[in-house]
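Starting from the structure of chain A, add chain B where the hints point.
The lines below spell out each chain.
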Amino acid sequence: MFIKGKAMTENKIKKVLLLGSGALKIGEAGEFDYSGSQALKALKEEGIETVLINPNIATVQTSEGVADQIYFLPVTPYFVERVIQKEKPQGILLAFGGQTALNCGVQLFKSGVLEKYNIQVLGTPVQTIIDTEDRELFVQRLDEIDVKTIKSQACDDVEQAAAAAKELGYPVIIRAAFALGGLGSGFCDNEEELRKLAEKSFAFSPQVLVEKSLKGWKEIEYEVVRDRYDNCITVCNMENFDPLGIHTGESIVIAPTQTLSNSECEKLRSLAIRIVRHVGIVGECNVQFALDPQSEDYRVIEINARLSRSSALASKATGYPLASVAAKIGLGYGLFELKNSVTKTTSAFFEPTIDYVVCKIPRWDLGKFRGVDHEIGSSMKSVGEVMAIGRNFEEVIQKGLRMIGQGMHGFVGNKELQIDDIDSALKAPTDKRIFVIEKAFIAGYTVDQIHELTKIDKWFLEKLLHIFNINQELHKQTFGTLSPELLRQAKVYGFTDFQVARALGMEKEMDIDEALLMVRKKRKDLDIVPYVKQIDTLAGEYPAQTNYLYLTYNAVAHDIEFAQDHRSIVVLGSGAYRIGSSVEFDWCGVQALNTIRKEGFRSVMINYNPETVSTDYDMCDRLYFDELTFERVLDIVDLEMPKGCIVSTGGQIPNNLAMKLDAQQVPILGTQAKYIDNAEDRDKFSAMLDRIGVDQPEWSALTSMEDVNKFIEKVGFPVLVRPSYVLSGAAMNVCSNQEELERFLTLAANVSKKHPVVISKFMQNTKEVEMDAVAKDGEILAYAISEHIEFAGVHSGDATIQFPAQKLYVETVRRIKKISAQIARELCISGPFNIQYLARDNEIKVIECNLRASRSFPFVSKVLKVNLIEMATRVMLGLPVKKLEKSFFDFDYVGIKASQFSFNRLQKADPVLGVDMSSTGEVGCLGADTNSALLKAMLSVGHRIPKKNILLSTGGAKEKASLLDAARQLKEHGYNIYATGGTSAYLTQNGVENTLVHWPSEDGQHPQALDLMHHHEIDMVVNIPKDLSTHELTNGYKIRRTAVDLNIPLITNSRLAAAYINAFCTIPVDELAIESWSEYK
Amino acid sequence: MKRATLRLQDGTEFQGYAFGADLATSGEVVFNTAMAGYPETLTDPSGSGLIMVLTYPLVGGYGVPSVEAKEANGLYSFMESEKICVKAIVVGDYSPEFSHWNAKESLDAWMKREGIPGITGVDTRQLTKMLRDKGTMMGTIIPEGVSASEPQVEDANLVELASCKDVITYQPTGTPVGKRVVLVDCGVKHSTIKYLLDCGLEVVRVPWNYDFNELSFDALFLADGPGNPDMCVATIENIKKFLANPTVRPCMGICLGNQLLAKAAGATTSKLKYGHHGHSIPVREVGSTKCYVTTQNHNYAVDASTLNSDWEEWFQNMNDGSNEGVRHKKNPWFAVQFHPETNPEAGDTKNLLNKFIETLK
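Line by line, the protein sequences are chains A and B.
Just so it is clear: in the first sequence, position 702 is 702 by the working numbering, and no numbers are missing.
All you need for the working numbering is the position in the second sequence, starting with 1, plus 1081.
Just chain B, with the same shape it has in the complex:
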């Protein structure tokens, strides 16, 4: 195998072997602690711009399912979006051989086709500890014999890149409940949309900066997405309008949607040292005995202390105490920082989504 190097912003280098596309790439290096689910993680738009370090070392063993397979409504069957969103991956021990009934190709072949490089043979534990202690930083993957430029901190609006460009309407796949939901796409995962459709809702997916207030709809859904919520000025303005509308309609946000809803309500957000990326992050409902194991993928969090008196903190991270959800004290407006809807998730928190559906009935 060809050698490759991962060079971090602070000059640290990790040696390994190249797989995937034979090119150099830079990005913000973050780690993800999920133990399975690399096809989903790689295609999650929230991963846009990131070099993803998978802490679980054995990767590639079950190959990659069909990347083209789609449902009738055009949403992908096995993937979270139409392409690999991360810029590169870093793994401990890539498995060139794969075995699974649903696999169509190897991870390597897929990454080659999509122009995404990978590096294997890296001490991902050591790398994770460095990121944990120093915070996320920029890094570059350089396969042997390939030249690379210095990494630039990108100020591109990742949401803009990940969002759809046009309004798309999806008909419910479950028993129709006769309600229309506007979903603001800041980089939504396909499984999120599929879940809402399965619940019998009609979904109008709108671009991140689209003023949905002019549409006719029954509820608002603020979906997930990558990066810093401060970049979504237009979205926040639109949400403010929605909240100010005398006709109160339900609203739910997830992940980036939590941050956007909180900001629209006047709170602030800040960057976490190294974010939350994994399938097993414990959160607790404030003031109750209910706890949930959640899937998360974000670098920013709401500063709960900045919420005004109409709002309250709903969920809290059990490890670091950061905010994991907010809700309005009177109106059916609420949001969670985690992903209650998707694969990789086991349905513990789906009842939160059901709560949203209930408010509509």
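Looking at chain A on its own, in the form it has when it is part of the complex:
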């Protein structure tokens, strides 16, 4: 009954500009790669030419063939206008690039740029966006239709905010207007807290809102779609497990709602539709409600007139392609003119009915940051999320808790959590709260008691208690006495073979890996196996050809058939985005899928991250939206009987499974598992390097303090220390003297036999070089050598990287090529790999080698214009591959990859870079030379060219010296330099005029560095940490943290600071070339 409309013939739009969201950051992550990619695909289907601006080079949307023209440029009004001048599009899409694109679009509208170039905003009109973003206008618009909002008072300064809070009564919540993901917002219990937070919020926004807190209310969301004919549907409703007070991005979310009666659902649904109609959305919109747990009273929290994280979740949860439909509505289609892309026969005008439950759980990486506050609240801190699908709540919560990938096995059966005070740990939520609930059950707390402390609905708590009780039952049994009935029950409610084996106490007698295989065998003998079900948007009512799948034990039959003809290739995805593994591995996975399809094999993806493109069901022949655990991968392999599995494009998770899968005779494509182990196992790898005569920094795994001291006597300070993660969870660190070493090791718990500490010589003033390559049977077919701007000591994921390398000796390059070839041969590499090198003069040392794609594969592939993953996949499929004959001297341009940090979201964290990674995203920009590429990249990650005043604290002697030229350049270009004690003296000595400012510890002396910052007099801060002494840390920390809190651009590395200053002093921004990717030849 699909009715083709006339929308396109009425529409004159031939070329459309889409704004991306830039680098991944907390609050704005991979979901916009998904939404942008879908929108671009939808436009393409309509024969429209597309132009994309997005500096995020690791995304799928910036890959060849997705958009017609791609600009790796900052999504800011200046650059967007320049692209508009050049490309002359007729239409623009603002709703697919998160808050970044939306804000940029609003600015372009307000400044008249869109009108000047006669550009039509497709979809929701800009005035509607403004109405929904400006709190006061929003409340006014909803008042017009008698819809209740949280009344807030807009304040223009801290005093007004304090007065408003007094009037409303504490606790209050503060929000910054026009800010993404709750940036600069939070709860205040008293005036002191309010003043502190308000000041921070004003740094992000000229307007701050104070409102009464509704802590403890339920938080419910609706995703609404409306077309220009006023047809409306809601695609999904979702309920937060955590009550109001915790940002929805920080909350566990369940879809559909579980604790709402039909009358509540209908009431909120009707309200959502009324709101969307009244404000005039054309496309997609998210509506968030607070619902009183004791009545049907409600408040509208906010609405997002764009695709959002929630809409990505709703889309994945239901199979309804929201982004694609929203894009087509933007072009003028009615919902009834589009078809349901799952059934392909029914209309897109329908509300998905689902017959399963999904659970989203955020992934935090707070352990990576020094000093960060672990409490979660109204501002977002999580870096990624997972989605679990199943047929009961117990199943999905347990699946989800495993998926977040922090060593948890589900709700129960985890390593013991150290909690001193359960009451306060329940009351003040942290990233670990759900595990505190288990702890509370063990301690005998009742559901009522936990509800009192957490305000989590009792229904959820009862379900958790159910899991806990099953675990207790299992504990009473042994492997021999376990009944089929109880085993089945455990599996139905989401227990893994591991959890069962642990609960049965099997670890006491054997290795857990052996035990779980015994459980597996037993249940397979009893025919207790999972079944594959389809996500079809219609609860089975109509036949669907969908390949969107999940596994469950709550079933008796599969929805699909298995050809088992050895023509399918299983690609293991990368799981939750986290620091160190995000969209770049999704790109790798998608490229592998594309190649597999192109070569006529059946592509099968296993992944569970709702923010990704790889989990769009049209990207592969079969999508298993399920766990990447050993058990689940084996389950799928048992059913699919694939030709092989690809474990090298999904980062570390699949890589770690290689050995175990291989031991179960699962065919691994590409480099053999034993070689992967040889590269991963430090001892084996080291022995191999010695054997082939390749140098490496001296290292040792040590089990006593005595041995540690002996080793350091030999190699000397500084050393890189990696404590055993299992024991302490502490990050690795560089120690420059005995005091630091001892302090750090005590902090990281004691050294012991069971948990050795790995210490290696730390090389200073040394360049770090990366080799990304593809080999076949040990012979390198293609490679890319890139160099870090920073010296070694900054994690490669945080470093600024240039490719092709510009400042390496030819000799160095030659040696690196030679060593890489030796290693590739030795490990018989077939597929992608990455080696990291240290280079000082021409002395080359190997740091590590990964026999998988690395973070930089999309970057180097796109700069090279050779898809290294496609090449690697062909190798793994056993197809012929030609060796790449392209010399780096042929390049007339440079690519720079710069990192995006999200310290502004991580309250109290020290924004300093070290050997552990802390960036959340990256960009990659191209330019004719290093300076122009670097400038574009730095502007893309949020730097602004300083106007006048720069604050310098340049660290130790070497760093001071290395920044002297940069300081001179700044003076020559008319900047005022403010400098702290040592730096000021050094600059004065060297004839660079500057103003002395005082450290926070120099109390009473003026001018104080912090005061200048608070008075908005500083445009950029360069603060290089000198050492790890407490004094230095406190002073430097305060300046760095203040810069972040006040949104002042900050650089903490001297090499990067020098390069950046040189760049903006050399090229004015308006001279940067506006060139698309295809123009770099």
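In case anyone wonders, no lab produced these hints; they're calculated from the structure.
In this text, a Cβ means the ideal position worked out from N, Cα and C, and glycines have one as well.
Any given hint might turn out to be false.
As the list claims (entries may be wrong) - Residues from chain A that face chain B, not an exhaustive set, calculated with beta carbons under 8 Å:
no., residue
1, Asn231
2, Pro256
3, Ser261
4, Glu351
5, Gly540
6, Ala555
7, Ile560
8, Gln564
9, Leu702
10, Met705
Unchecked claim - Simulated restraints on C-beta separations:
no., chain 1, residue 1, chain 2, residue 2, range
11, A, Arg277, B, Gly1259, 27 to 35 Å
12, A, Asp373, B, Ala1153, 27 to 35 Å
13, A, Glu46, B, Asp1401, 25 to 33 Å
14, A, Val529, B, Tyr1098, 39 to 47 Å
15, B, Glu1439, A, His558, 30 to 38 Å
16, A, Gln160, B, Asp1401, 58 to 66 Å
17, A, Lys524, B, Val1227, 28 to 36 Å
18, B, Lys1442, A, Gly65, 57 to 65 Å
Frame of chain A; chain B shown alone:
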């Protein structure tokens, strides 16, 4: 928990666990795709005689509100009728624990009291697919240790069972508009009546076979109800008389009322393979760009091609093309196959009812 079996007419068995009343029961097995609203679905008279398979697996979590609470006029506050109308329910994962401010008891306790059995732990997706492919069929729920007889296809007149026995008059609850509507009760949901009263109408609820033509009234409302419209011979005759009356008065039908109006106008109806049962069924107004997400609960549909030239198809199902409404080309007589009035529904289609009210003013 005690085990139970669902045995279908074709011999297929589904194993699960028993809840609700501990007895065996048979009925026509149909599936319902609504994701919430089990108290309303269970008490909807249109579900009479059916074993309802809820495709959404998690059931029981918000308990059951007071089944006794009534409005001043005797209509139920939270339920669609005075009892559970379905014969049994089949679910994926029943929640014995419930949590809701308005809950008075668990679903299990309520079903036990009303003598309605349930089975949980069933692969309802697989069951739904079987019903979809083979069409609805008879089935029996058998708790362990309970004996059950073979299911009989019942030819009882479900409408007669669901209809009121006497004429009941309700005074408007909204601002009175001074009009009286006759509502023919073939198994009306209480929320339908409440909606009309809220609109300021006086409602005279009459039994399904009552000849309302002798009453004095301003408009006719043909309400919803269960089963096959062919069973309602008396009702159709009465509607024919109404349509033949030289004084033209407005008439609106919903659900079964659509089928009855169409039949009275000379069209035929036929049985759908597995019916429409859910909260999210898309329909489109014929010849316009207006679409509605609707609630439906029926197994029969009007054959639109059999309408005579005075009538036209008004709405169409966007998924299978079946008829979703008819209207007279001149007179204010119209009907829809869906439920424009009730909970579970969001008000998208309430303007159709308002249209009816408008014709009265």
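Okay, the hints, checked on the actual structure:
1. Asn231: With a closest approach of 5 Å, the Asn231(A) hint holds.
2. Pro256: This hint holds: Pro256(A) lies near chain B, its Cβ roughly 5 Å from the closest one there, short of 8 Å.
3. Ser261: It holds, given that the least Cβ distance between Ser261(A) and chain B is near 5 Å, below 8 Å.
4. Glu351: This hint holds: Glu351(A) lies near chain B, its Cβ roughly 4 Å from the closest one there, short of 8 Å.
5. Gly540: Holds: closest Cβ of chain B sits about 4 Å from Gly540(A), inside 8 Å.
6. Ala555: Because about 4 Å separates Ala555(A) from the closest Cβ in chain B, which is inside the 8 Å limit, the hint holds.
7. Ile560: Result: violated, 12 Å to nearest chain B Cβ.
8. Gln564: violated, 21 Å
9. Leu702: Violated: closest Cβ of chain B sits about 52 Å from Leu702(A), beyond 8 Å.
10. Met705: Status violated, d = 53 Å.
11. Arg277(A) / Gly1259(B): 27 to 35 Å: This hint holds: roughly 32 Å between Cβ atoms.
12. Asp373(A) / Ala1153(B): 27 to 35 Å: violated, 55 Å
13. Glu46(A) / Asp1401(B): 25 to 33 Å: holds, 28 Å
14. Val529(A) / Tyr1098(B): 39 to 47 Å: violated, 20 Å
15. Glu1439(B) / His558(A): 30 to 38 Å: Since the Cβ atoms of Glu1439(B) and His558(A) sit about 53 Å apart, the hinted range of 30 to 38 Å is violated.
16. Gln160(A) / Asp1401(B): 58 to 66 Å: holds, 59 Å
17. Lys524(A) / Val1227(B): 28 to 36 Å: holds, 33 Å
18. Lys1442(B) / Gly65(A): 57 to 65 Å: The hinted range 57 to 65 Å holds for Lys1442(B) and Gly65(A), with Cβ atoms some 60 Å apart.
Figure legend: structure checked against the earlier numbered hints; hints not met, in rising order: 7, 8, 9, 10, 12, 14, 15.
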